[in-house]
Structures are given as C-alpha cells and as structure tokens.
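Undergrad: Sequence:
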Amino acid sequence: MGGGSNGPTTVRKRVEVESATLKRAKDGSAFARCEECSKDVPISLISFHNCNLDAKIKMNLEAQVVENPTETKTKSAPKNKEKTTEPKAKRENKPKNPNAPKRPLTAFFVFMDDFRQTFKAANPDCKSVSIVAKEGGEKWKSMTDEEKKPYQDKAVELKVAYEKALKSNTDADDNVNDEDEVLEKEVKEEIEDEE
Numbered sequence: 000m001g002g003g004s005n006g007p008t009t010v011r012k013r014v015e016v017e018s019a020t021l022k023r024a025k026d027g028s029a030f031a032r033c034e035e036c037s038k039d040v041p042i043s044l045i046s047f048h049n050c051n052l053d054a055k056i057k058m059n060l061e062a063q064v065v066e067n068p069t070e071t072k073t074k075s076a077p078k079n080k081e082k083t084t085e086p087k088a089k090r091e092n093k094p095k096n097p098n099a100p101k102r103p104l105t106a107f108f109v110f111m112d113d114f115r116q117t118f119k120a121a122n123p124d125c126k127s128v129s130i131v132a133k134e135g136g137e138k139w140k141s142m143t144d145e146e147k148k149p150y151q152d153k154a155v156e157l158k159v160a161y162e163k164a165l166k167s168n169t170d171a172d173d174n175v176n177d178e179d180e181v182l183e184k185e186v187k188e189e190i191e192d193e194e
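Residue numbers (numbering that gives the first Met the number 0): 0 to 194.
These are computed hints drawn from the structure, not numbers from a lab. Quantities reported herein were computed from a predicted structural model and do not represent experimental measurements. Wrong hints could be hidden among the right ones.
[To be verified] Calculated lysine-lysine pairs in the DSS-like style (CA-CA distance at most 27 Å, straight line):
| id | residue 1 | residue 2 |
| --- | --- | --- |
| 1 | Lys101 | Lys163 |
| 2 | Lys148 | Lys133 |
| 3 | Lys153 | Lys166 |
[Said to hold, decoys possible] The following label-pair restraints were derived from C-beta to C-beta distances:
| id | residue 1 | residue 2 | range |
| --- | --- | --- | --- |
| 4 | Val159 | Lys93 | 16 to 26 Å |
| 5 | Val159 | Lys87 | 40 to 50 Å |
| 6 | Glu134 | Lys101 | 18 to 28 Å |
| 7 | Lys87 | Asp112 | 33 to 43 Å |
| 8 | Lys87 | Ala120 | 49 to 59 Å |
| 9 | Lys87 | Lys22 | 53 to 63 Å |
| 10 | Glu188 | Asn92 | 33 to 43 Å |
| 11 | Lys158 | Asn96 | 36 to 46 Å |
| 12 | Glu145 | Lys93 | 21 to 31 Å |
| 13 | Glu188 | Lys101 | 26 to 36 Å |
| 14 | Gly27 | Phe47 | 17 to 27 Å |
Every residue, glycine too, gets a C-beta built ideally from N, C-alpha and C.
Construct all of the structure, not just a fragment, from the sequences and the given hints.
TA: So this is what it looks like as structure tokens:
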C-alpha cells in the first residue's frame, strides 16, 4: 500500500475535509471537485490545481499549427473513396512480344534437367512428377557448393545469352517502330499537301 517494496509500509495520512465535497477512491485517497472546471482533483494536490492553466495550455496547443511533411506535398487529384456497386476495371497489362526470347533457366532447373534423366533411367516404372521433384530438391539441398558450381556456371552462360538476345530483340522492335512512325509522317504530309 505504501508503494515501496523493500521499505516499511507507510500509512496514508487522511485529510479531514467536509464530507459533502469529498470523494474517496477504492484505495482511500481523497478527491474534491473543482467548482470552476468540474474536475476531481486529489486533495494533496489541490494547492497546485489551476483551472485557468489547463485552459491556457489547451489554447496554446490549438494555436500552434504543426504541419506534417506529408501534408505539405501537393496532390494532383483528390481521392474520392465513394463506394460503388460497379466492379473495378482490371488494369491492362502490356502486350507481350511474341518474338521475345524465353527467360533463362536457373541453376536449380539446369540441375533438374540432368537429374530427371538420371532418375528415370534408375527408376523407369516411376511416373510421378512430384516424387521426381521431391527427390531432386532433396539432392540439390544436400549438394555442396563445389557440386553446384557447374550448374551455376551454365545458368550464368544462359543468362548472358538471354540478355544479348533480349537486347537485339528490343533494338529490332525500336527499328520497326521508327519505320512505322516515318511512314505515318509521310502519309500525313501527303494528305496535307493534297489539301
């Protein structure tokens, strides 16, 4: 009750006040209601209570305007979060280039190509794809870095070849787009000349 865990417990001193204005908490502490602000104030702190001080602090806090850095940025369009019954339109993905090269295999998949052949040779009657995948994954995890090295090197070679093919493909696409734009400009110029 005294608050100190090691020291002797102290008995609280009861303050004698008129019982009509005094309220007691469960622990026996006394509170009196302030007539100006209608707040319950502990009797021991009543001499420090200043209703006007609370009002001044609130006014000062309201007067101080603190801008958040996120609010200072200008937003191009306000967001209206109105609920509509219409479903949202799906975002259209970029059209895929059918002539683009396929992405290269990772070191694990290069390993799995070899592993599938050896596993099927050792187990010709096993037709389950999941069993082959589980066995391959377990073997890959148990391999050392030295054993994985040839597969990682092959994957790097495939990636370099892919990047080279991708670059040549995008260059070719840019040339085709440039030719189309030149033709469109020529057609527009001919139409303007005829008018």
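Undergrad: Take the hints in turn and mark each one as holding or not.
TA: Here is how each hint holds up against the structure:
At roughly 12 Å between alpha-carbon atoms, lysine 101 and lysine 163 fall within 27 Å of each other, so this suggested pair holds. With a C-alpha separation of about 21 Å, the suggested pair lysine 148 and lysine 133 falls inside the 27 Å cut-off, and the hint holds. For the suggested pair lysine 153 and lysine 166, the alpha carbons sit about 20 Å apart, so the restraint of at most 27 Å is met. Judged by the Cβ atoms, the range 16 to 26 Å given for valine 159 and lysine 93 holds: they are separated by roughly 25 Å.
Look at valine 159 against lysine 87: about 41 Å separates their beta carbons, and that is inside 40 to 50 Å. Remark: the range hint 18 to 28 Å for glutamate 134 to lysine 101 is upheld by a beta-carbon distance near 26 Å. Between lysine 87 and aspartate 112 the C-beta distance comes to about 42 Å, which sits within the given range of 33 to 43 Å. The hint said 49 to 59 Å for the Cβ distance between lysine 87 and alanine 120, and at roughly 52 Å that hint holds.
The beta-carbon spacing between lysine 87 and lysine 22, approximately 57 Å, falls within the hinted interval of 53 to 63 Å. Evaluation of the 33 to 43 Å hint for glutamate 188 and asparagine 92 yields a pass: the beta carbon distance comes to about 35 Å. Checking the proposed 36 to 46 Å range against lysine 158 and asparagine 96 shows it is violated: the Cβ atoms sit about 19 Å from each other. Checking the proposed 21 to 31 Å range against glutamate 145 and lysine 93 shows it is violated: the Cβ atoms sit about 42 Å from each other.
Checked against the hint of 26 to 36 Å, the pair glutamate 188 and lysine 101 fails, with Cβ atoms roughly 41 Å apart. About 21 Å separates the C-beta atoms of glycine 27 and phenylalanine 47, a value consistent with the hinted range of 17 to 27 Å.
Of the numbered hints given earlier, the model fails hints 11, 12, 13; all others are met.
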